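Now for the letters of each chain:
There are 2 protein chains.
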Amino acid sequence: MKRLESTPKKDGYRMPGEFERHAGCYMIWPERPDNWRLGGKPAQRVFAQVANTIAKYEPMTMIVSKAQYENAKHWLNDEVRVVEMTNDDSWVRDCGATFVIDDKGGVRGVDWEFNAWGGLVDGLYFPWDSDDKIASKMCEIERVDSYRTKGFVLEGGSIHVDGEGTVMVTEECLLSEGRNPHMTKEEIGEKLCEYLNCEKVLWIPRGIYNDETNAHVDNMANFVRPGVVVLAWTDDQNDPQYERSLEAYNYLINETDAKGRKLEVHKLYTPKPILITKEESEGVDAVDGTLPRQEGDRLAASYANYYTGNGFIALPVFNDPNDQLAIDLLQKLYPDRKIEPIYAREILLGGGNIHCITQQLPKSGNN
Amino acid sequence: MKRLESTPKKDGYRMPGEFERHAGCYMIWPERPDNWRLGGKPAQRVFAQVANTIAKYEPMTMIVSKAQYENAKHWLNDEVRVVEMTNDDSWVRDCGATFVIDDKGGVRGVDWEFNAWGGLVDGLYFPWDSDDKIASKMCEIERVDSYRTKGFVLEGGSIHVDGEGTVMVTEECLLSEGRNPHMTKEEIGEKLCEYLNCEKVLWIPRGIYNDETNAHVDNMANFVRPGVVVLAWTDDQNDPQYERSLEAYNYLINETDAKGRKLEVHKLYTPKPILITKEESEGVDAVDGTLPRQEGDRLAASYANYYTGNGFIALPVFNDPNDQLAIDLLQKLYPDRKIEPIYAREILLGGGNIHCITQQLPKSGNN
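Chains as they are written, first to last, in the numbering used here: chain A, 14 to 380; chain B, 14 to 380.
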């Protein structure tokens, strides 16, 4: 498949909202023992549950290493397509292709340069070369051409779009030292608009407290549809999350989107703080260069990290009283979609959640 | 994707003739240095030429190891889809899926048990576990269910079908000690008929002289269309090939196919004997358990080892006076297809030819 030298905006391609129609979904099977406890076995069960759930609604593809291929097949339903691909870890939202479409049935991939959330500055593991090739390999499998953003580092989890010209990010992440320190905020915004075909960037200042991705927007907020946003929230003024959510709320309600609309912002209450246990910490290999998982560390738990698919929402829950609040709010905001709650502590222990481990393939006219 | 416990015949699926419509073609990129001289570089050029040629006519997919992925992309045209897959060697005809179709748009795979042409009896390398998984991984990529022939060993190159109930094989290969020694000739014939949906087996006694596959039929003969066969031939009575071709000819002209037709048999003259040179031999790593490539060994050269694709024939040629005879005969037999001759000595040095390194994905109703 071709590497294109142009940009999606120049070619009339746009990233659609996640709530638009999908042709499928990708995930990557977790296994690295320096990130996933007990050789990845508990996480694998949950990843399988997520994939099997999504496969009820849209064509699902699981990327798996050679070593784990058969084991993954064992846990996945027959409906899930399993493809071999070398990987460094399992965050397809971040290392995978961001697909863009035109209005004539065309689909292409954006292959962002990937450096494991900060490269040699504050990246989470080394090396990351296999992950950086996932996007182009996905495009090959789908037989679609791709754009490579040479010299511009980004992860798919650090952006959300409304499909109508607006992209939402956090300054904390996109202006971080480990990604594109040679570029100004304005230059970064221009890049986003070229590759996603947007006109307006919403710059939320900060994301979720202690989020190792430098606070991806996908753990903090999401577009329900154009003009409507959910935002992770807490009323506890002693929680360091409080001022982060408050400043985001104040920013968003005073902004307009690319179409000039005021934003309707819904508060999505976070669960109570979740800390890594001694047992959980001890199940993870200690490896130089990989972020350690230490007892007592606070995890970046948020219900905002859900996946929006054809007719459903795959929602992380935490066995917390606020689970039901989240389910109720999202059911109200998405009246036509089934809410599929999945107990997701094992994903959270690895540093993200359901949105981080999924990547939609949007549906264009006849693809 | 599902593993089916039934058989294609029971489910109304059949293997179509290679001359029927294709939805695509698969190959595997060569690299093992104990089979391909000079680290596989000369063979890779020719494999790329074959793939790029086929891609002009039908969707082409190249299977490549992680190590060779980028190098393969470099040599392949953009039209060729490249997918990562661990492999032991590059003979997708033999280790890959044999696809079967119904008349309603359905496609399924037959995943034959593979043991590297003879297992521990007279197999060509050890181990072969990655090759044995290629077929099921191809089926996953194509999102088709598959039949696994547990306890029955076969390679796709050891069969040819006319798509109308006839399968053609060699006794030399199918009754060899290294494949299914626990089964009688009749039992083997029944298996073939179940998995290919045939009623009649044509048992050519032997194949090409010194063919390391125990003489696959695809190096010896082929169906041009139902009722019409080409057969590798020599008039040189001092060539050990002579009596092999003669007995095959006498067998075929006295047989009928599944529809009761007499066979029209065309003689396809082989090139003059081709021997491995000292330089060629010295370019191959010596590894215990792998068939050595020794100076002076005769190669199993045959024009019958061609690939029949949508609107074309990919024909191996050898810089031999008989190249033109083969081109002329096939052009006469396939008046609507373009003959694409490819200088194929480097493939031959690895133990096979163009048919051995290709595997068609047939087109069913609407697939």
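Hints listed in this document are in silico derivations from the structure and should not be mistaken for laboratory results.
Where hints are given, some of them may not hold.
Identical copies look the same in the list; a pair holds intra-copy or inter-copy alike.
[Claimed, not checked] Calculated lysine to aspartate or glutamate pairs in the EDC-like style (CA-CA distance at most 20 Å, straight line):
| id | residue 1 | residue 2 |
| --- | --- | --- |
| 1 | Lys280 | Glu126 |
| 2 | Lys86 | Glu71 |
| 3 | Lys204 | Asp91 |
| 4 | Lys275 | Glu260 |
| 5 | Lys54 | Asp333 |
| 6 | Lys376 | Glu268 |
| 7 | Lys345 | Asp142 |
All of these numbers come straight from a predicted model, not from anything done at the bench.
Status of each hint after checking the structure:
no. : hint               : result
1   : Lys280 with Glu126 : neither (33 Å within a copy, 57 Å between copies)
2   : Lys86 with Glu71   : within (18 Å within a copy, 30 Å between copies)
3   : Lys204 with Asp91  : neither (40 Å within a copy, 26 Å between copies)
4   : Lys275 with Glu260 : within (17 Å within a copy, 85 Å between copies)
5   : Lys54 with Asp333  : neither (23 Å within a copy, 59 Å between copies)
6   : Lys376 with Glu268 : neither (30 Å within a copy, 53 Å between copies)
7   : Lys345 with Asp142 : neither (42 Å within a copy, 52 Å between copies)
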